[in-house]
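Enquirer: Sequence:
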Amino acid sequence: MLRKLLSYIIPIKIYKTNSALSKTIEVTWANGELVLDSENTNYSYGSLQRILRKGLKHFGFEKIAKMNNALVLGVAGGSVIKTLVDEIHFEGRITGVDIDPDIIKIANEYFNLNKIKNLNIVIDDAFEFVLKTKDRYDLIIVDIFQDTKMPNFLFEKFFVNRICFLLKSKGIILFNTMCLTPSDNVRNYDFIKEFNDQGYKIQSIPRVEIHNELIIIEKLD
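Be aware that the sequence shown starts at 1, since it is given in the UniProt record's numbering, and climbs by one per residue.
Don't take each hint at face value.
[To be verified] Derived EDC-like pairs: lysine to aspartate or glutamate, alpha-carbon spacing no greater than 16 Å straight-line:
id, residue 1, residue 2
1, LYS170, ASP197
2, LYS115, ASP86
3, LYS57, GLU218
4, LYS57, GLU33
5, LYS117, GLU91
6, LYS16, ASP86
7, LYS54, ASP184
8, LYS54, GLU87
9, LYS193, ASP135
10, LYS63, GLU209
11, LYS219, ASP197
12, LYS132, GLU109
13, LYS201, ASP221
14, LYS149, ASP184
15, LYS63, GLU87
16, LYS63, GLU91
17, LYS23, ASP100
18, LYS23, GLU62
19, LYS193, GLU213
20, LYS105, GLU26
21, LYS170, GLU62
22, LYS105, ASP124
23, LYS16, GLU26
24, LYS23, ASP102
25, LYS168, ASP135
26, LYS168, GLU218
27, LYS57, ASP100
28, LYS157, ASP135
29, LYS82, GLU109
Just so you know, these hints were derived from the structure itself, not from any lab.
Whole structure, please, built from the sequences with the hints as guidance.
Expert: Listed below in structure tokens is the structure:
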């Protein structure tokens, strides 16, 4: 409790480790809450939770709560999953996919992710998972970073077509991107401009928490 109170004055680091995939991972008390950070950016809770919460609010919590099957690609500490369960009261099935077993261990130990009954965690590469899964989803959240970098495959047409294929009727994709350089802005602009599937609607919410842009894809039928 003392560390929590002191964290309103100064961040207090309580755990730090190295991961082959995520490099440095830190758990810190900041402004009265536990957050998970990589070397250069927030991975879960804190600003990242606010970013994805804003995307979910765009559709309305009531609409999200009525969905049955959600897929989260990129779990980290599981802050968006906690938003789904604790704030939206989502009672459907949640599948969380993360490539890094070390970060899931931390999520379980410090953020009690393993106590969420309707959550199934899969340790796998997101690209490989979406190729293999036979399920269909009402909501797909893409939140994949390696520190401040985003894997190139996320913006490739094959991957985008595949996750669109996995959507149920009226399904939603919430894609969190980071824009740190002019080339990142161009990448997102081109991605949105070149998306031309008539069965879907694409839009963006730019400059969320300064450096993030949410790209939203909705299946129209």
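Enquirer: Each hint should be assessed against the structure and marked as holding or not.
Expert: A quick look at each hint next to the structure:
1. LYS170 x ASP197: Given that 16 Å is the threshold and the Cα spacing comes to 14 Å, the pair holds.
2. LYS115 x ASP86: holds (12 Å)
3. LYS57 x GLU218: Roughly 15 Å between the alpha carbons, so the hint for LYS57 and GLU218 holds.
4. LYS57 x GLU33: violated (21 Å)
5. LYS117 x GLU91: Holds, at about 9 Å.
6. LYS16 x ASP86: violated (27 Å)
7. LYS54 x ASP184: Distance ~21 Å between LYS54 and ASP184 Cα, so the pair is violated.
8. LYS54 x GLU87: holds (12 Å)
9. LYS193 x ASP135: violated (29 Å)
10. LYS63 x GLU209: The given pair, whose Cα atoms are some 24 Å apart, is violated under the 16 Å limit.
11. LYS219 x ASP197: holds (10 Å)
12. LYS132 x GLU109: violated (29 Å)
13. LYS201 x ASP221: holds (11 Å)
14. LYS149 x ASP184: OK: LYS149 and ASP184 at ~10 Å, within 16 Å.
15. LYS63 x GLU87: holds (13 Å)
16. LYS63 x GLU91: Within the cut-off at roughly 12 Å; holds.
17. LYS23 x ASP100: holds (11 Å)
18. LYS23 x GLU62: At roughly 38 Å apart (the allowed maximum being 16 Å), GLU62 and LYS23 break the hint.
19. LYS193 x GLU213: holds (15 Å)
20. LYS105 x GLU26: With a Cα-Cα distance of about 13 Å, the restraint between LYS105 and GLU26 holds, given a limit of 16 Å.
21. LYS170 x GLU62: holds (15 Å)
22. LYS105 x ASP124: holds (14 Å)
23. LYS16 x GLU26: holds (4 Å)
24. LYS23 x ASP102: holds (11 Å)
25. LYS168 x ASP135: holds (9 Å)
26. LYS168 x GLU218: holds (10 Å)
27. LYS57 x ASP100: violated (28 Å)
28. LYS157 x ASP135: violated (20 Å)
29. LYS82 x GLU109: OK: LYS82 and GLU109 at ~15 Å, within 16 Å.
Violated hints, listed in ascending order, are 4, 6, 7, 9, 10, 12, 18, 27 and 28; each of the other numbered hints is respected by the structure.
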